[in-house]
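Number of protein chains: 2
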Amino acid sequence: MALRLYTFWRSQAAYRVRIALAIKGLSYDSEYIDLLKGRQFDDAYARLNPGHAVPTLVDGDSPPLTESVAIIEYLEEMQPEPPLLPSDRRLRAHARAIAQMFVADTHPFIVPRVRKYLEKELGLDEAARTRWLRHWQETGARAVETVLSRDSRTGKFCVGDRPTLADLCLVPHFTSAMMLYDCDLGAFPTCRRIFDACMALDAFASTHPTKQPDYAPH
Amino acid sequence: MALRLYTFWRSQAAYRVRIALAIKGLSYDSEYIDLLKGRQFDDAYARLNPGHAVPTLVDGDSPPLTESVAIIEYLEEMQPEPPLLPSDRRLRAHARAIAQMFVADTHPFIVPRVRKYLEKELGLDEAARTRWLRHWQETGARAVETVLSRDSRTGKFCVGDRPTLADLCLVPHFTSAMMLYDCDLGAFPTCRRIFDACMALDAFASTHPTKQPDYAPH
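For the record, the sequence lines run as chains Z and A.
Residues -3 to 214 (the numbering used here) are what the first sequence spells out, left to right.
Residues -3 to 214 (the numbering used here) are what the second sequence spells out, left to right.
Since the list gives no way to pick one copy over another, a pair counts as held whenever it fits inside one copy or between any two copies.
Capping the alpha-carbon separation at 20 Å, the derived lysine to any residue pairs in SDA-like fashion look like this:
| hint | residue 1 | residue 2 |
| --- | --- | --- |
| 1 | Lys116 | Glu134 |
| 2 | Lys207 | Phe191 |
| 3 | Lys112 | Thr126 |
| 4 | Lys152 | Ala199 |
| 5 | Lys116 | Leu129 |
| 6 | Lys112 | Arg138 |
| 7 | Lys112 | Leu129 |
| 8 | Lys116 | Leu31 |
| 9 | Lys116 | Thr135 |
| 10 | Lys112 | Ala124 |
| 11 | Lys116 | Thr126 |
| 12 | Lys152 | Ala196 |
| 13 | Lys20 | Arg86 |
It is worth saying that the hints were derived from the structure and are not from the lab.
Owing to the predicted nature of the structure, the values given are computational and were not obtained by experimental measurement.
Use the sequences and the hints to build the structure in full.
Structure representation (C-alpha cells):
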C-alpha cells in the first residue's frame, strides 16, 4: 500500500524522514502542510496529528505515524536495507544518542509555536528572538561537535562510514541553522566535514528544503 | 560487568531510565549528579556527557551511554524480557511516538538550563517562568491526552496492557508537573488513569524521585 508523507519544506523533522525514505528507496506521495500559515491546526490535519506538527506518515489504512524518530525506526524495521542503524548494540545506542541531542536537546527551541510564544507572549523583539535561536542551536551543536570530534567511532559519517539516524538529524539541523541565522559551520569542523559528506549523497541533496515543490523563500 | 547510572532525583530523563532498569530487573550502582548545584558541568562528568545532562549509563568498560531514549532502546536490545516495546511494528512506532511527544515536544522546555536562561537572560520573574512551564507542559499533555483518549490501541497502559517506553515517559512527565506547579491531573483523565495503573507497579513506585537517596526537597 502507498505511503503518504505530510511534510513542509522548512521543517527539520520532515527533512529527516525524507532522507530516510530516499535512502531506503521508498516511494511516497506528499501532502504539503504550511506551518507558517498555520495549516497544522486545520481540523483534518489535527485529526491525523494532534501534536500539530509535521511530519506525519500514513502507511496504507493503518493509523497515522507521527514523530520523526518513531517514523524512521518504523521504516528501519519495515525495510532493514540499507540500514539506518549500525548492527552493534553499542553503536546503535551511540547513533540514537546523537540523534536525540538534536531532536530533544536542540530542535525544540526553534519550532514555530515556540517562536510565536517568544514574540506574542514574552514580547521579545527580533534581535532577542534571534539570540534565543542562536543560543540553543549553538549550545546543541557544540555538544555534538565535542562528542564527534573525540570519539574514535566517528568515521566518514557520525558513526562509522555509512549514514545513520544520527546523520539524518545532523544535516537538517545545520540546514535550518544556516537558513535561520548566520550560522558559521566553520566553528564545528567535524560536523561540517560530515555535513559535506552527506550532501554529496543524492538522498540528502535531493530531499533538501530548497528542492521541495512547496519551497517558498521570503 | 556492572552498570553504573548517573542520576538526579528530580530529572525526568533519569527517572525514565530507573523505571526501565527496574522493569528489566537489572541491578546497578548509582552516582548522584546535583543539577541544581551545577555538578553536570564538573570536568569529570562533562567528559562522560558533553551535553551536561543526566542520565548517563556506563556499561562495563565501553563508552558512556547518554540520552534516556537511546539508553532504554539499548537496555531493550540487551535484555529483551520483559519487553518495553510491543512486538508489532505499528504498535512499536505508536509507543515510540508517544514517548517522543514527551521527550522532544514537552520536556525540553523545563530543563534547568532553559529555566536559567529565562531568568538570567530574559529577566522573567517567577510568575512568567511558571506560566512558561505550565504552558508547554499542558500543551504537550493535552496532545498526548487527545491521542490516548481516542485511540483504540490504548489499554490499561498507553499501548495495550503492559507498560512500554511510552509509559516510562508519561509517568515522569506528570510527576515533574506536580512537583513544579499546581498541575491538575484531572484535566487529563486518560493519562491519569494510566498514571495510577503505573504507580501501582513497584518498578514505577520504587524509583520515584522522592524515594531516591539524593532526594532533597526545598
